[in-house]
Amino acid sequence: MADKRTSIDDIVGELRSGMTIGIGGWGSRRKPMAVVRAICRSDLTDLTVVAYGGPDVGLLCATGKVRKVVCGFVTLDSIALDPHWRAARQHGRVEVMEVDEGMFFLGLQAASWRVPFLPTRAGLGSDVLTINPDLALVRSPYGPGHPYLADPADADVELVAMPALHLDAAIVHTNRADAAGNGQVLSPDAFFDPLFLGAAERRFMTTEAIVDNGALADEAHPLSSVPIHRMLVDGVAEAPGGAHFTANPPDYGRDEKFQKEYAASATDPAEWEAFAKRYVFVDDAEYKANVAERPQ
Amino acid sequence: MSGTMSDPGVTRAESCVIACADVWREAGEVMVSPFGTIPALGARLAKRTFSPDIVLTDGEAALMVGAPPIAARPAELVREAAMPYRTVFDVVWSGRRNMMMMASQIDRTGNQNISAIGPHAKPKVQLVGVRGAPGNSVNHPTSYWVPDHTVRTFVEQVDVVSGVGYARAAAAGAGATRFHQIPRVVSNLGVFDFETPERTMRLRSHHPGVTVDEIVAATGFALSIPDDVGETRLPTPEELELIRVVLDPGSLRDREVRS
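Quick note, the sequences are listed as chains A and B, same order.
Under my numbering, the final residue of the first sequence carries the number 296; numbering is consecutive throughout.
Under my numbering, the final residue of the second sequence carries the number 1259; numbering is consecutive throughout.
Possibly wrong hints are sitting among the right ones.
[What the hints assert, rightly or not] Cross-link-like lysine-lysine pairs, in silico, DSS-like; alpha carbons within 25 Å at most:
1) A:277 with A:260
2) A:288 with A:260
3) A:277 with A:288
4) B:1047 with A:68
5) B:1047 with A:260
6) A:257 with A:277
7) A:288 with A:257
8) A:68 with B:1124
Rather than coming from a laboratory, the hints here were simulated on the basis of the structure.
Predicted model only: the values in this text are computed from it and were never measured.
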């Protein structure tokens, strides 16, 4: 069985400018922040970021890595709006494909299932269709009297054809994994991480700890806590604390104090420069040291 | 504690809680996903009184037993089933939900905006994003809560249609109208619905202490106002005790709406 262990630097080394990159997690929860910071200090540029957006989106926008964002929202959860994202949007520095968060899920699902689109009511009548004029509708082929028409009210119904969201690469962070690429989520929601991986050409996972193959499930943690199987993963890097400052229970909760500093750094260029110098343009060891030595 | 039907001490926030709770009267066994402190209190009050079958989430990824106090810590909650986001969409699209979202703007035909103020390409103010509003509004009853009713929140036309109103749903066809319903809009001033022939916003009741003229002045479009429009009902003594003593002894409700 292949040993897929790799490093954060090697993961970022496989990315290219202009790529479409999916980032797992949701809002300010279980985001692969160690990889996000590594992208921020790389020379990558012109990225399209596909995410249930949190500080991953804000940080990548603040460092000028992003051409376009595909999302349904960007939030820090305990802080409703990410001010870095807000600034990037209000200055017109990034394009956005803003869709309903369920349409977003269907886009990943369609890519993962290798179909060009999936139909949904979500989006009908809303400005999602006007701000994204390339989104198309699809008419149900089951008209009046058709034997497969279950409900006459749905005869010939027009629905949104949510296109597949194909990703060049996807990155997720889990609580535990093995060297083969199986991933365990010990917090209550796996979000859409398996679908991000399923929609991508190159699939990467960072994790709090790598354990032996077969050792992820035990009496306290049934196999249902392992939603990511190794057919979805090309590389796995051990990255303890790799989701900081987003929430990654039970290993750690959100670092609310740090998140406030992150948000406050958007207030003026000098604040941002100081924050970036200390917490972004430094390697992982120095980041951890700088986080640890802050006054508590 | 005084708690008579004519209790002069009923606060504005408490009237809002009652108005929200009444949204879920006879809602049945559906998931209620309230955004905001006062809708969350309303949902818990409804579950403890006239709508015991409604289903509440823990704000994370589970359904919770009972209707605990609003400030209960996660460790104090008892959970009955898993509800990760992947499953939430099964609930939304099957229609087993009756929710209340917030609105940064809402307009005459019930369009809601939580995406951006100004042009979407380069917003004057970037908001959180459309989130699930487009899908929610055409799949299950979706009401709205606006804690700051002004001409800037109740507007003639929202800047970015996130939640879909009646006119936009009708223009989009049967796929959009089939399950579309906006039962109520609740603000800090009154309660509104769309029960007019043109499906435009109508004043359903004004909260105690608020005049119809105040509501008209704070609304940026022509409201439909029935001649016999009355006050939002007062809480019963039992309801008032549940709000004040059981569900929100720390008065978090007053931080969202002041009297």
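Of all the hints numbered above, which does this structure not satisfy? Sort the numbers upward. Per hint list: 4 and 5 violated.
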